[in-house]
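Keeping their order, the protein sequence lines are chains A and B. Quick note: the first sequence uses my numbering, first residue 99, plus one each step. Quick note: the second sequence uses my numbering, first residue 35, plus one each step.
Hints may contain errors.
Derived CB-CB ranges, DEER-like [claimed, not checked]:
1. A:Gly523 x B:Phe551: 49 to 57 angstroms
2. B:Thr633 x A:Gly154: 51 to 59 angstroms
3. A:Ser565 x B:Gly662: 41 to 49 angstroms
4. B:Gly662 x A:Arg515: 38 to 46 angstroms
Which stretches of chain A does chain B cover? Using the computed rule of at least three CB atoms under 8 angstroms from a CB of chain B, they are [unchecked claim]:
5. 430 to 441
6. 466 to 475
7. 489 to 495
8. 509 to 520
9. 532 to 541
Calculated Cβ distances over 10 angstroms to all of chain A for the following chain B residues [stated by the list, open to error]:
10. Gly420
11. Phe427
12. Arg617
13. Phe626
Bear in mind the hints are in silico, worked out from the structure with no lab data behind them. A virtual CB, placed ideally from N, CA and C, is assigned to each residue, including glycine.
The chain contents come next:
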Amino acid sequence: MNVPLSALIWFPAIGALLLQLLGFVKKEKDIKSIAVLFTTVALGLNLAVLSKSNSGTYLFQAVESVSWIENLGIRYLVGYDGISFWLTVLTTLMTLIIVVATPDTTKNLRGFFGLVLLLETAMLGSFCALDLVLFFSFFELTLIPMFFLVSLWGGPNRNKAAAKFVIYTFAGSIFMLVGIVALAIQHQKVTGQLDFSIINIQASVASGKFWANALQAQTLIFWALALGFMVKTPAFPFHSWIGDTYAESPTAGPILSSVMVKMGSYGFLRFCLPLFPEAVQSQAPVFMAIATIGILYGALVAIAQTDMRRMIAYSSLSHMGFVLLGIFSLSYKGMIGGSFQQFSHGITTGLLVILVGYLVEKHGTGDMNAFGGLKAKMPLFAGLFLLGMLGSVGLPTTNGFIGEFLALMGAYETGARGLFGLSPGFAIASGLGVVLGAVYLFVMFQKVFYGPVKVTEGPDWQDIPVSKALPAFVLVFFVFVGGLYPNLFFGPMEASTQATRLMAISEATKRPSWKDKPEEVTIRVALEDPMQGQYIRAGSERLISSARLHGNVDEKREIR
Amino acid sequence: MDNNAVWLIILLPVLGFLIQGLAGPSLQKRIGKKALGVLAVLPIAASFVLGLMLTQGLASQEHAEAVIVTGGSWINIMGLNIPFEWVVDPLSMTMVLIITGVGALIHLYSTAYMAEDKDFSRFFAYLNLFVAAMLVLVLGNNLPLLFIGWEGVGLCSYLLIGFWYTDTTNTKAANKAFIVNRVGDWSLMLGLFLIVVVISGANIPVEDNRYLSYDAMLPALTTALKANPAMATAIALLLFGGAAGKSAQFPLYVWLPDAMAGPTPVSALIHAATMVTSGVVLLNRMNIVFQLSPTASAIVCAVGAFTALFAAIIAFGQTDIKKVLAYSTVSQLGFMFIACGAGAYWAGMFHVTTHAFFKALLFLGAGAVIHAMSHEQDMRYYGKLGKYLPITFGTMMIGTLAIAGVPGLSGFYSKEAILGSAIANSHAGQLSAISGWVGLGVAALTAMYMGRLAMLTFFGKEERWRKLPVAEHHDHEDGHDDDHSHALTGDHKPKEVPVAMWLPLVVLALLSAGAGFILNQGKRFEHWLYPSGLSQLGELKHEVPNLEIYSYIAAGLGLVAGVLVYIGGLPAKEGLDETKWARWRRSAANQFGFDALLTNLFAEGGRDVAIGTSAFLEDQVIDGAVEGSASGTRNFGGWLQQIQTGAVRLYAMLMLLGGVGFVGYFLFVVNRGGK
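Looking at chain A on its own, in the form it has when it is part of the complex:
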């Protein structure tokens, strides 16, 4: 079945509309079933689109191009590649999870799911848009449903939280808009045509013509875009919306947010690296510093939190720091690690938020000091929480480890070589974030689940029913799939990540471009990596001389 990408992008929005029109469906349970159906279909469409993907190329796939505002050169241009591949999966998967995890008792369920579905379209659109104006439109479109979700379904301070979220993001995106316009104008100046397509702009950048004699402008426009992405990611010091948003939203809020923040890190990968190579190289140390500060600062502030949702919010700041660290290490391993971390952060944060949300929903508070000894009463719940926590602290065999490990390794490598003015200090300091991550999570776990039972009155202390735990089981599954078989995720993203990296660090004229001919693609990737294709045989057994295990260099003798 050949599913066009637009079908995937717009299906949820159509679903949102249908859900409002199906007035005769009155029962909450049925409304939820319909929403589950829609989001399941969306996930199915997503997998159908991706099943046709070619992991060997970095060119955009399933590209659709329709003229939108002809005078200004704005097109409806969508497509996906290895960078957006897993982010679309994360979007459709987490939306389904949210819908399943939302209790029937939520007020105005119809409107709630409508907004969630609308948000899904906006997020998918952001991850697939290849025209800057189209991207900006989807990017801004996410604000509206999110604003209403927080302000109508949120906690006591919901209005302030919603306003803060919107104004903050909006303030960032104003700069982004300026940058986008400036980019198009620059394109007009260079080629004589107003164009917002990143494929065309990047092709010009790759040839070196685009920024010839405009280095200062490049840095300025880079920063304009970067500011918007920094607010979204969030990066220190533009993160302070995240605490309120997490704490005051309904449970769906932080989960949606944990997908939405990827629009920030994705923005760096998709736009900043390919379009501003010199600026990226010169500003890399700044962003590595921002990432490192974010990792440590987020962890430190998380330690001080008593509200579990706020703690998870600041842990997100810390974990997204690893994404930035990986990306701006500009090393292949680091960028793969950062990209992987985007996906795994969505999974583990979603898992923890769902579980905390279950507690908040039942007991009306997220204060960790209000709980105690829950393990004895809720063993299944405690077990799931423990697994989510292990993913979050990055225990090896969980997905959290893979991302952090590779991001740190990449940052260390570039730093140790002194490339782009980086130092290994960033990776060394960021490593402390892994220690601090254990502090805040383990201390919280101890307070909530261990010790004597604190609350004996109030609602029942039954363990979470298996049916309610279903979303958590699915996410736990992904935590370990990501940790034990990350190659599944690396496969589709390798070529695009490498190409994006080369777009940023190669010299002009040697940069790959999204307009490369398909037959050039394999050559470009292979040229960069002479080792590629050397995979070892699985299931083999080899005799080696013990001397090799003691570092004997001369011992080359191989038996069998």
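Starting from the known structure of chain A, fit chain B onto it as the hints suggest.
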């Protein structure tokens, strides 16, 4: 024997974990605790048998060859390939036999020790998982696999220390263990990165990009480090940082004494026999790096010697029988690092082996005593227990003499090997010889505090718990639970432990007595681990004139001193406090304030910094700036009341105005740039 059996060795404990973890509670109802206990012991015992068979195959080879069994790929990206691969060589198999052999015995022991616990299956789930993780640690053929095991055993250790989780002391100790270990892991991870950087920076090709696999990495790393010895020191110290965390070396030892909060079999298996020796295994694996850096080796020696001495002194201050053994473990681990620093890696492993036997024995013996004494761990309430617990008494005495270094027993041989090579070798410069002599002194101290432990527990003039108040009522229905509800009472009658508990004691006692002598025959152990001719280490010297005599004297003096001081038991007045050197002892008991200092500095201090950052920097400055600018604009809006109808609209408008200004500036810059 097919080497693919190595998969089974690892997967059997995993299977055990899954059975206990997923089906444990329901199985317990259906088949009972006894059968469930058998299901917990079996996988470990089966792994042990498989391990024996593999070892036999390995030992029967004429040339020393290792086998690498490769499975699928774990992390495989351009430029880095980390497969699931296992190495079957003398080092890994030695550890496999210790882990599964001692592990099976301790599992067996636990079936009785934990028989009355309501979370029986949870305990064995964790314990089986621990064995699996530990096997991954020693069998993995690359450092990331070692790291899986490394953090995996840390997790199991965390779960088992906090096993009785309703007691906050236990769970705090568990957190402390995990977090302090993570500090070490941080260092280890940086070491890994540096290895990759050094090899790839020197442009040395590594087959299949397996940069972190021992067989591919070590030759390449050797070449790279020979050209750049400073890097050898850096890598060695980073790796040692990880080892110091896991193996409880100064200053990262602080978690281990607290870890005694876990059930005693856990202390025996994890915090004495296996996990804490991981650091020594790591140093053996990566010996070439230390071999290329005398500086790092000297530091390893010095840290080991200092830890050995420091912990031995602290052991005198302890009244809790498990704490004495805990500090004794820290001290003995120090010995192992002296050996590694001196370049006698095999001697370190030799001590790992013998220590696994006698320390597991001592801990299990202590567990038997604690079991017999209503979970009282304070030695001041023991005395004359030899009469009641003949088997425990006999086996523990063998363990005591073995750790004290009495000739003929296992501890003597491994300690001799360590001290001899430390004094005779000059790899680490003067420091190794100094460490060796310090070690000799610590050996005397060891004999002395172990003598004290034995005297206070099994000998003496009186049964000191008789002085405790008599219990008012007896109800022993719900067994010893997590709350230690069964306080020791004055009318308590200690009973010898059941067969499932004393059988492991007897086996371990036999090993503690004989293993050292047998393994030392004709340098058998040394040549097994480091085959002559293939060794890169050159000939190690370990002959020191008259060292044996010094050792006899040290062990003898220590034992006699320990016995003489405590032969009279404890003074009854002053609440059984040991009046002899009381103030000094109390200071030692508190680790001379070191733990408190670290706690103040990092735990309390760190928390204050976190709270301060959150309250000031985050809430006041960063978020304050945002909210402040919002309210600032609001005032500004009041001033421009005619256009302000809603705050949000105003901000939007202001931003738009600002944006327009920005666009103008950009256009200006862009156009100027073009000209």
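We went through each hint and held it up to the structure:
1. A:Gly523 x B:Phe551: 49 to 57 angstroms: At roughly 52 angstroms between Cβ atoms, B:Phe551 and A:Gly523 fall inside 49 to 57 angstroms, so the hint holds.
2. B:Thr633 x A:Gly154: 51 to 59 angstroms: Holds, since B:Thr633 and A:Gly154 (Cβ atoms, about 55 angstroms apart) stay within the stated range.
3. A:Ser565 x B:Gly662: 41 to 49 angstroms: The hint (41 to 49 angstroms, Cβ to Cβ) holds, given that A:Ser565 and B:Gly662 are roughly 47 angstroms apart.
4. B:Gly662 x A:Arg515: 38 to 46 angstroms: Since B:Gly662 and A:Arg515 have Cβ atoms about 43 angstroms apart, the given range 38 to 46 angstroms holds.
5. 430 to 441: holds (count 3)
6. 466 to 475: holds (count 3)
7. 489 to 495: holds (count 3)
8. 509 to 520: holds (count 4)
9. 532 to 541: holds (count 6)
10. Gly420: Fine: 39 angstroms to the nearest Cβ keeps B:Gly420 off the interface.
11. Phe427: About 37 angstroms separates B:Phe427 from the closest Cβ of chain A, which puts it past 10 angstroms; holds.
12. Arg617: Nearest chain A Cβ is 35 angstroms from B:Arg617, so the label holds.
13. Phe626: holds (26 angstroms)
In the structure shown, no violation is registered for any of the earlier numbered hints.
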